[in-house]
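Student: In case you want the letters, here they are:
2 protein chains.
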Amino acid sequence: MALIVQKYGGTSVADAGRIKNVARRIAQVKDKGDQVVVVVSAMGDTTDELIKLAYQINDRPDERELDVLLSTGEIVSSTLLAMALEAMGYEAISLSGAQAGIRTDATYSRARIMRVDPERIVKELDKGNIVIVAGFQGITDEMDITTLGRGGSDTTAVALAASLGAGVCQIYTDVEGVYTADPRLVPEAQKLPEIGYEEMLELATYGARVMHPRAVELGELFNVPVLVASSFSDNPGTLIHGGVSMEVRNKVRGIAHDLDVAKITVVGVPDRPGTAASIFESLAKANISIDTIVQNASINNITDLTFTVARSQLRKAMEVAKPIAESIGARECVSDSRLGKVSIIGTGMQNTPGFAARMFRALSEHGINIQLITTSEIRITCIIDEARVKDAVRALHRAFELEKEG
Amino acid sequence: MALIVQKYGGTSVADAGRIKNVARRIAQVKDKGDQVVVVVSAMGDTTDELIKLAYQINDRPDERELDVLLSTGEIVSSTLLAMALEAMGYEAISLSGAQAGIRTDATYSRARIMRVDPERIVKELDKGNIVIVAGFQGITDEMDITTLGRGGSDTTAVALAASLGAGVCQIYTDVEGVYTADPRLVPEAQKLPEIGYEEMLELATYGARVMHPRAVELGELFNVPVLVASSFSDNPGTLIHGGVSMEVRNKVRGIAHDLDVAKITVVGVPDRPGTAASIFESLAKANISIDTIVQNASINNITDLTFTVARSQLRKAMEVAKPIAESIGARECVSDSRLGKVSIIGTGMQNTPGFAARMFRALSEHGINIQLITTSEIRITCIIDEARVKDAVRALHRAFELEKEG
Chain V
1 MALIVQKYGG TSVADAGRIK NVARRIAQVK DKGDQVVVVV SAMGDTTDEL
51 IKLAYQINDR PDERELDVLL STGEIVSSTL LAMALEAMGY EAISLSGAQA
101 GIRTDATYSR ARIMRVDPER IVKELDKGNI VIVAGFQGIT DEMDITTLGR
151 GGSDTTAVAL AASLGAGVCQ IYTDVEGVYT ADPRLVPEAQ KLPEIGYEEM
201 LELATYGARV MHPRAVELGE LFNVPVLVAS SFSDNPGTLI HGGVSMEVRN
251 KVRGIAHDLD VAKITVVGVP DRPGTAASIF ESLAKANISI DTIVQNASIN
301 NITDLTFTVA RSQLRKAMEV AKPIAESIGA RECVSDSRLG KVSIIGTGMQ
351 NTPGFAARMF RALSEHGINI QLITTSEIRI TCIIDEARVK DAVRALHRAF
401 ELEKEG
Chain L
1 MALIVQKYGG TSVADAGRIK NVARRIAQVK DKGDQVVVVV SAMGDTTDEL
51 IKLAYQINDR PDERELDVLL STGEIVSSTL LAMALEAMGY EAISLSGAQA
101 GIRTDATYSR ARIMRVDPER IVKELDKGNI VIVAGFQGIT DEMDITTLGR
151 GGSDTTAVAL AASLGAGVCQ IYTDVEGVYT ADPRLVPEAQ KLPEIGYEEM
201 LELATYGARV MHPRAVELGE LFNVPVLVAS SFSDNPGTLI HGGVSMEVRN
251 KVRGIAHDLD VAKITVVGVP DRPGTAASIF ESLAKANISI DTIVQNASIN
301 NITDLTFTVA RSQLRKAMEV AKPIAESIGA RECVSDSRLG KVSIIGTGMQ
351 NTPGFAARMF RALSEHGINI QLITTSEIRI TCIIDEARVK DAVRALHRAF
401 ELEKEG
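Chains V and L, in that order, are what the protein sequence lines are.
So the first sequence is numbered by the working numbering: it starts at 1 and just counts up by one.
So the second sequence is numbered by the working numbering: it starts at 1 and just counts up by one.
Same shape as in the complex, but just chain V (with noise of 0.2 Å):
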């Protein structure tokens, strides 16, 4: 008898019709014997409803009470779904963040789990239960409610896969698992069916929005093998794991791309300690997200810093850095808001030289014209032009083979 943790999206439970689908998938689950502990999130649309309401009400709500208030969104879902298989059945029981034992820190609206208290989860298992859990929220040691942030309903799903010992932690969702490329752009995409954890954050975080990398850091921190699949289908998914990276026949594992960047360049900054340190300082207290920084080699003492910023914030980030670029005595400050980014990403680059080169030459050979060039240990990014991502995620995709994966 295995023990199995699931997680279901709020698509998956947007209306009572797919919770009923939900629920005949759980069941075929424990008709092999296994025990199920299922994470939920909210139905569909509840959160953004609730915040809207929220913001009618105040427009800087407390984050306590916003917490509070999202936190019903999993609930509700979760009774539901109890009710569901039990309608079919099934002995099944709803617990909420706080009676699952998820104990958070105290920071509102992105609060971290900081241990597991299985307890009753356990109990309500030895009881033959199937135990449904809201996902997204837990409590802390003061007994106030706290929601996990973005992602969050996912890393309660891991988070409890761990301290429970499960086999698998399976992450049901509205795709079929992670691909080489995004199939909307590149129709021969193959399915991977394994990623290791590094690969996948990756490939999260540079624009592969299968999986909150948040949840796959933990997933690689315990050691859990997650799998990403559909809820829609019965097709196999992706596995994500820890043993991949030992024997891998192709080394880029897949390509991740944004449409959404927008460039600043600070030009002409007189190369003294303390001048980007002052740029940044200034558009982190205006709350403006950083993504790539690029600064070139000084030529007399005069050097060009250039950053990234989703194209949102691209406004608030030149008004920020306009007086500040003044101020340190720079000649000026210039923005690009069309522009997109692109990556390829495997465990396998590490330490083996060419990947650059061939990616430099495929972008090339498309009269692809690079402006930034970034890099990780198993990744390399160029920021290009965002009418040409399509055709570099393309011409990647199959200088780099990856139609013969999966």
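It is worth saying that the hints were derived from the structure and are not from the lab.
Watch out, some of these pointers could steer you wrong.
It does not matter which identical chain is used: a pair holds within one copy or between any two.
Stated by the list, open to error - Simulated pairs of lysine to any residue, SDA-like, Cα-Cα distance not exceeding 25 Å:
#  : residue 1 : residue 2
1  : Lys32     : Arg331
2  : Lys20     : Leu50
3  : Lys20     : Arg64
4  : Lys322    : Asp260
5  : Lys123    : Glu142
6  : Lys127    : Val116
7  : Lys52     : Glu401
8  : Lys123    : Thr140
9  : Lys127    : Thr107
10 : Lys123    : Gly274
Chain V is fixed; fit chain L onto it per the hints.
Tutor: This is chain L only, laid out in the frame that chain V set:
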């Protein structure tokens, strides 16, 4: 500095605008320097909508799951009310029934409050917070959420007022207070500035649906003065308390009525031990609530047994009663579904003769035939033709000079 407990019903917090309005009322109390604990119901039709959703999924939803589901309604309204107060610059915090220390038995859907552990509320009041408590809910010693059933939020408010030693429990609703009769039937009906617990109980049970009898009983038990008033006006309302019956100028305090009465008579019942028991045991098993029961004195060991039920239960009650009547050798079983009930109520009626006679005289002067009569210490009730209930209420209101009340 006084401590005041207020309760606002679902219509008073039905949307963002009304929640803000309630927040302004609470702020006025806080401005006077008093400590305030507020109990809220779920917004508008939320509870009914959640019940509907549950029944779409399971036609016999588990009571534990249903209670968890329904409890979210009051949590939503409590957080929104706290946010509304914060938007006005007041310190406020919402607490679930569990956090507020409402400890109940495990009778899901109609749990009884066993005790209140108000430490958290006291702590938050001491910090200067206005405390908003989600009504209608509590928690068992096993940390499972329960709901209190009909009148639940009123009961929460009175229980909190009792355990916190509040000077008064203010129930704000969509009526102006307790009247000598239903103002829609009797234009000259007067609002009572005060009324005793027992009188209120009889009025509440017998059709004046201002406040649930259960909450009135709790008020009486702990001697908590309860003010019933409108959340949409600043009119004074009615104070329900224990000190009113010492001197009552007019001994009938109010006229209650009920238009939803059906009657079943088992004719020709052999008068031997156990016949009544066999009928009412079967009805109880079928979950049919019996209201009034009247058995006439037997003649030749044959008697008639009459009882009343809500109209919606008549068909089911007849299906149960007919075969039983046959089996005990009764002559027949007849029903009448077009009946109503009118009652006069007043503590001053105790040990004072003449009230019944005045009531029957007033009805007969208007040609209203009395079908059944039942009495309590402080109430006399007549079952009459439904079509004459309105006339009866008006006639009795005049006969006992209630237009001079208030």
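Student: With reference to the structure, classify each hint as holding or not holding.
Tutor: Against the structure, the hints:
1. Taking identical chains as interchangeable, the C-alpha atoms of lysine 32 and arginine 331 are never at most 25 Å apart, the minima being 69 Å within one chain and 60 Å between chains.
2. In this assembly of identical chains, lysine 20 and leucine 50 lie within 25 Å of each other by CA distance both inside one copy and across copies; the values are 24 Å within and 16 Å between.
3. Proximity of lysine 20 and arginine 64 under a CA criterion of 25 Å is satisfied inter-copy only: 19 Å between copies versus 33 Å inside one chain copy.
4. In this assembly of identical chains, the alpha carbons of lysine 322 and aspartate 260 lie at most 25 Å apart only when taken from the same copy (22 Å versus 75 Å across copies).
5. Taking identical chains as interchangeable, the C-alpha atoms of lysine 123 and glutamate 142 lie at most 25 Å apart whether they share a chain (24 Å) or sit on different chains (12 Å).
6. Only within a single protomer do lysine 127 and valine 116 lie at most 25 Å apart by alpha-carbon distance; the minimum there is 20 Å, versus 30 Å between protomers.
7. Within a single copy, lysine 52 and glutamate 401 get their C-alpha atoms no closer than 46 Å, and across copies no closer than 53 Å, so neither meets the 25 Å cut-off.
8. For the identical chains of this complex, lysine 123 and threonine 140 are neighbours both inside a copy (22 Å) and across copies (17 Å), given an alpha-carbon limit of 25 Å.
9. Taking the shortest alpha-carbon separations for lysine 127 and threonine 107, only the inter-copy value of 20 Å comes in at or below 25 Å, while the best intra-copy value is 34 Å.
10. Within a single copy, lysine 123 and glycine 274 get their C-alpha atoms no closer than 57 Å, and across copies no closer than 47 Å, so neither meets the 25 Å cut-off.
Against the hints set out earlier in the document, violations occur for numbers 1, 7 and 10.
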